[in-house]
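Student: Single-letter residue listing:
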Amino acid sequence: MSSGRVWKFGNDVTTDVLAPGIYIKLPIEELASHCLETVDSKFAGSVIPGDYVVGGKNFGMGSSREQAAQVLKILGVTAVLAPSFGGIFYRNAFNLGLPAIILPNTDRIDDGQNLDIDLHAGKISNLSTGEELIGEAVPENLLAIVEAGGLVPFLETKFKQNDN
Amino acid sequence: MGKTIAEKIIANAADRDSVLPGEIVTCAVDLAMIHDSGGPRRVQPTMEKLGIGLWDPEKIVLVSDHFAPCTDAESASILKLTREWAAENGINNFYDQLGICHVVTPERGHLSPGMFAVGGDSHSPTGGAFGTYMFGIGATDMLGVLVTGKTWIKVPQTIRINWSGELGIGIAAKDMALKMCASLGMDGGDYQAVQYSGTAIERLGMMERMTLCNMAAELGAQVGIVEPDETTATYVTDAGGDPGNWAGFRSDPDASYKITHDFDASNLPPQVAAPHTPANAISVENADKDKIDQFYIGACTGAKLNDLEMAATVLKGNRVATGKRLTIAPASTQILKTATKQGIVEILLDAGASLLPPGCGACAGYGVGILAEEEVCLASTARNFQGRMGASSSRVFLASPFTVAASSVTGHISDPREMLAS
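In the order they appear, the protein sequences are chains L and B.
Mind the numbering: the first sequence is residues 54 to 217 in the numbering used here, read in order.
Mind the numbering: the second sequence is residues 804 to 1225 in the numbering used here, read in order.
Hints are computed from structural coordinates only; laboratory data are not their basis.
Glycine residues also receive a C-beta, built at the ideal position from the N, C-alpha and C atoms.
One or more of the hints may lead you astray.
Ranges between beta-carbon positions, derived for each pair [said to hold, decoys possible]:
| id | chain 1 | residue 1 | chain 2 | residue 2 | range |
| --- | --- | --- | --- | --- | --- |
| 1 | B | D1032 | L | S86 | 47 to 53 Å |
| 2 | B | E1033 | L | S178 | 56 to 62 Å |
| 3 | B | G952 | L | K95 | 42 to 48 Å |
| 4 | L | S86 | B | G968 | 46 to 52 Å |
| 5 | B | S821 | L | K95 | 48 to 54 Å |
| 6 | L | S86 | B | K883 | 23 to 29 Å |
| 7 | B | N965 | L | V92 | 35 to 41 Å |
| 8 | B | P848 | L | S178 | 34 to 40 Å |
| 9 | L | G175 | B | E1033 | 48 to 54 Å |
Model the full assembly from the supplied sequences, consistent with the hints where possible.
Tutor: What follows is the structure in structure tokens.
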């Protein structure tokens, strides 16, 4: 994809921390400015497009609110990597065009390092250490959705094809 | 080889003779449940952009519960948009401010054994109590369902959780759920199907089964499900639904499970989960006597009729401690009506409780009754994640309605069995 800085978080990052309920009524850009503030007050203001979020196990557990994935997308995060994800967050991320990559050994990646990833090959290059890591293959149906830019553009193309 | 209830329902929905765990299949959806927060306001702009309509308005249940009743101009406009969308799209199954979707949908007869259903909310596994395969999805996923009537699923393995024995006095399904969170972890369900079995489960009424299935989400499972039986069929019939061939949706005796976990209900003490995860659950005897500001009985998890009954059993003849507040938000208007008829509401009010309108209330920080900075709450809800119920420094402990009610009398975390014995 492209190289970017790593923002590293611990286990069990919840949707309440990613997209806090008390700000859920606000426009998505404002909600995004509160993303992860409970655990890292600097993140939302410092993350730049192209960066990566690396989490611990069960990343995105909790609510079905897809704003939890959408705020990361809006802040420009290229992909989220974690040893496991909350099941609903995982689906939501792909639907919104944000790849979620299951990577067992995220302990090989530290905060502030630089990564580059090859989604098709499931290869993650840690540019800071030179190490190459292999994530779990993304299922074909989800690869198709994320490559279209998310479920909406994917459906748009599909419905257009049906019209022709 | 035998099939589990999950495999039977998914094969049926995928129009296949059988399915294997790990396969990705496309399923026809029997029912899509949406609410004011993740529903119309999130899908309407995209539906307009795509220029396509709903696949079947009769298979959609819409409930305004998260922002109901509204608390400011923003939430008022969300509810207004929801009403307008329901009218424009011909949604007949629209329940406006009548309670929480996970409770209103089955109590109005919309769920029955063998159905394949999705809900635009993570507590959707609640539907598993009715022998429905029901899971939560996000708004864009839901949009796909609303316009195509289909969704994809990776066929799960089934994790069987056996509960033997019988719950003691003052112990509830909520204690069972918290115990499982602590023992199996918040990812113990591994996004697979959790099936609750055993004599203790068979003895539970429908509302207690709902609590267990509801908190399958806290185990990280895709669904929690109880095999349908006479108890299920009776509830569904009374609610105006059709239990159909419910016996055909029980797991086969030779079905295979990923793993079976065994628990004994007879020895289970009341559980309390400290902030900020249900997995922190420990026996009430070992819990610190933390200072609590708000005692909260609410949510799809903890404010159904039997939850209010539990609170009333403890509170009868007792008073909420001076300087403390006990706030109760019944899960639906129908529950509130029955609880009023049965004298439960009077007992709660006599004890000094304040009553909130039916709805999601404070649970997720969207509605009324939320916490200020540094405040501490003991709640019958499902989740106590950091910042969930209000200000980011607020803290939430979780327990059963028995324990919340008993603690509201003493002012600190207390064992309801002592109060019930006296």
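Student: If a hint holds in the structure, say so; if it does not, say that too.
Tutor: Going through the hints against the structure:
For B:D1032 and L:S86, the Cβ-Cβ distance of about 50 Å falls inside the hinted range of 47 to 53 Å, so the restraint holds. Restraint check, B:E1033 to L:S178: a C-beta distance of roughly 59 Å satisfies the suggested window 56 to 62 Å. Take B:G952 and L:K95: their Cβ atoms lie about 45 Å apart, and the range 42 to 48 Å holds. Look at L:S86 against B:G968: about 51 Å separates their beta carbons, and that is inside 46 to 52 Å.
Distance hint check: the CB atoms of B:S821 and L:K95 are about 52 Å apart, consistent with the given range 48 to 54 Å. The beta-carbon spacing between L:S86 and B:K883, approximately 26 Å, falls within the hinted interval of 23 to 29 Å. B:N965 and L:V92 have their C-beta atoms about 37 Å apart, which keeps the hinted 35 to 41 Å range intact. The hinted range of 34 to 40 Å is satisfied by B:P848 and L:S178, whose Cβ atoms lie roughly 38 Å apart.
A C-beta distance of roughly 49 Å is found between L:G175 and B:E1033, which places it inside the suggested range of 48 to 54 Å.
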